[in-house]
Amino acid sequence: MMNDRFSAQLRQQLLNTADERPAQDQLAAIVAQVAITPQRRPLVARLPGLQGRVAPFPAVVRFGLIAVALVLAALAGAILAGGGPTPPTTPFEGTWTSIDPLDGSKQWLFVGPGNTPEVRYEDEWATGGACIDDEVKHFIAVGSGEITGPRLDVSFHDGGGCGLMTVAVPVLYYVHDPDTDTLVDYAANTSRPDPEVVAGHMSALWSRVTFGTRPATQPPATQPPATQPSATEPPAAEPTPGQTPADPTAGADCVDLAQGGTYTGPVGPLTVTATVPETPTIPWQGLRDVFNLSGRCGSVAPIGFFASTATTVLADSCMPDSPAIASFVDAVARLDTPTGDGISERVDLTISGHPAARYDISNLSTCEGFGLWGGTILGPGETGSIYVIDVDGVLMAVELNRDGSQTQAELEEAWAIIASLQIAR
Amino acid sequence: MRELVIRARGGDRDAFSELVARSIGRLTAMARMILRDEYAAQDAVQEAYIEAWRSLPGLREPDRFEAWLRRLLVRACFKGIRRSKRVEAVEIHLTPAHELAIPGGERNLAIHDQLERGLARIPADQRAVVVLVYYLDLPLADAAQAMGIPLGTTKSRLNRATQALRAAIEADDRTPSRVGERLA
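Line order of the protein sequences matches chains A and B. For the record, in the first sequence the residue sitting at position 134 is 134 according to my numbering, with numbers rising by one throughout. For the record, in the second sequence the residue sitting at position 73 is 498 according to my numbering, with numbers rising by one throughout.
Just chain A, same shape as in the assembly (with noise of 0.2 Å):
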C-alpha cells in the first residue's frame, strides 16, 4: 500500500517538474550540427558504448575472441601439416588485419583461395547497431568474393552480426596494392551497374599478416594476375620466433618458450622481442599472429602479457569514451587520475631505452576498466599490470594479466620479461 502510494507520489512528483521546453535554440542548434555532421557507413555505423561498457572486454572475453582467430589459425595449421606452406593463389589469398578508422577496433580479414574466394570479415569490437544488445561484440560476416585485376568485390549475402541479429552488410570492394602488399577498403553502390565508392566512406588500409594457404593436393591457380606475389616471396609480416618450438603440442599457433628463447611479435607499427630466461619457472607461449605471451597458448590465465599500440584512447582510464590521444604524457596524466584501492602508484621506468610506466592493480574495484585502450586494460576484480611505454612518439601498451596466485620467483620472471622488451619500428 505505502509502496502504491509512494509510486504514485513519486511518478506525479516527476510529471509536475518536468521541464520539457527545449532550451532557446537548442533545435536550431541541433539542426545545424547535423548539417555539416557526414554519416557513417552501415557496416560500421557506431553507437559506442550502448551495453553501458561496450569495452573493454573482460581479459577472459578478449581472449575469447582470440580463440576464435586460434581455430581459423588451427584450419590454416592443417593444411600447413598437409603440405606445408604454399603460395597464395591470388594476391588477396590470405589473412589480413586493420585498425577500424571509425573506432579504432582490429578488424581481420580471411580471404581463401581462387578468384571466387570466400571472404569472412571480423571485428573485434563492433560498436555498431548491429550489436547493439550483444553482450559480446564481436561482428562476424560471412561472404563470396570476386577478383578482377588488383579488385575483390565481395557480398555479404547473408548479412552479419554478432549473434542476436543479423543485418545487411554493404557490398565491398577491396583494392590490392602490390608495392606495398596492402589492401583498401571501399563501400560499392550495387545499384549502379559500375559501382562507385559510396561518399562518407572511411576506408581502411588493412595490412597483411599471412599469406594464404592452400592443400597441396589442389591445382594451382591456372591463370594467377600479374600482380601475384612471387612463390618465393617470404611472408613478411609473420612474426619470426627466435627458437624452433621443442614441444610439438604447441602447436601452430604458438611458440613454446618453455626451455626458454626469445619471442618475437608484431604490435601496431612494431616488432616486439621478449627473451626468456632458459628454464624458466612458467612455461611460457607466444602467439604468432599478436604479441601475447603468456602460461598457456592464447590465454590469459594464470598470468600473460598482451601488447598493442594506441589507435582510440579512453578519456580517462575508467572510462571508455574515445577522444583520440597517442601521446605518452596524456596517457600517463590518465592513468595516474583514478586513485583508490588496488591502483597502485606509477613506477617510472625504462623499457628498450624508451620511457615507460608501470601501475600494478590488484582485484580492482575502483572503477569498471583501468587501461587506455580496449585492447588492453584491466576489468573488475582482475589483477596485473598496465605499462605504457613512448617508443618515439608511438605509444604502446603492455597488459600483464595475472590470476593473483603467482610466486615471487614467477612475479620476478615476468618483470625481467618485460625489462628485457626490445622495440623496433
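For the record, the hints were derived by calculation from the structure and aren't laboratory data. Be a bit skeptical, because a hint or two may be false.
Examples of chain A residues lying across from chain B (beta carbon under 7 Å, computed) [said to hold, decoys possible]:
{"#": "1", "residue": "A23"}
{"#": "2", "residue": "Q33"}
{"#": "3", "residue": "L164"}
{"#": "4", "residue": "V167"}
Far from chain A, by Cβ distances over 12 Å, these chain B residues were calculated [to be verified]:
{"#": "5", "residue": "M426"}
{"#": "6", "residue": "D439"}
{"#": "7", "residue": "R546"}
Backbone N, C-alpha and C define an ideal beta-carbon position, used for all residues, glycine too.
We have chain A already, so just place chain B on it with the hints.
Below, chain B alone, put in the same frame as chain A:
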C-alpha cells in the same frame, strides 16, 4: 515516425530534423532530471542527437528508434557527469514552490520538497533509473536496456533509490506530528 526514421537513415536531414522536433522535449526533460544541471542537460541532448544522426545508418529496426535514442541520451548524460566530475556535487535545480500548482496544499508541497531533495541527493545512476521507470513509465527490462545494464542491477538501483526517497517522505511524515504534539 517509422517513415521518418527510414528516410533519416538514408541521409535525409529534413526527416531527422522532424524526428528531433518531435522528441526533443521529452529528451530534454529526461536530461534535466538526470543531470539536474541545465547546461549539462543541453549538452547531453545535443550530443545524443548528433550521435544518433551519425550512427543512424546502423539502426536495423526503425521501430526501435525511440528506445535507441533514449540509450544514447542516458549514455550522453553519464558522459557529461564523468567529464565534469560532478557525480555527486550536482547543481540542485529546484522548481520554485510558487510555480507549482499541486493539488493538496501544504502537505503535497512538503512532499514535493522532500522528493526534490531526495532526488538531488541520490547518485545519478539511481536517478536515471527512477526517471526511466517513473517518468517515462518504462518496464524495468526496457529501463535496463536504456541504461545498458543488467536487469538485476537495474532493480537494485531502483530499490536503493526508492528506499532513499521513501525515507525522505517518511521523515517528513514524522515531523508534522511532532510539531503538532508540541502545538497541542
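A quick look at each hint next to the structure:
For the restraint placing A23/A at the interface with chain B, the shortest Cβ-Cβ distance is roughly 5 Å, inside the 7 Å limit, so the hint holds. At about 6 Å, the closest approach between the beta carbon of Q33/A and any beta carbon in chain B falls short of 7 Å, and the interface hint on this residue holds. A hinted interface residue such as L164/A counts as satisfied when its beta carbon comes closer than 7 Å to some beta carbon of chain B; here the least separation is about 11 Å, so the hint is violated. Taking 7 Å as the C-beta cut-off, the interface hint given for V167/A holds, the closest approach to chain B being about 5 Å.
Against chain A, the non-interface label of M426/B holds: every CB pair exceeds 12 Å, the least being about 17 Å. Listed as a non-interface residue, D439/B fails to keep its Cβ farther than 12 Å from every Cβ of chain A; the least gap is roughly 9 Å. Distance check on R546/B: its Cβ is at least 14 Å (rounded) from any Cβ of chain A, clearing the 12 Å threshold; non-interface status holds.
Checked against the numbered hints above, the structure violates hints 3, 6; every other hint is satisfied.
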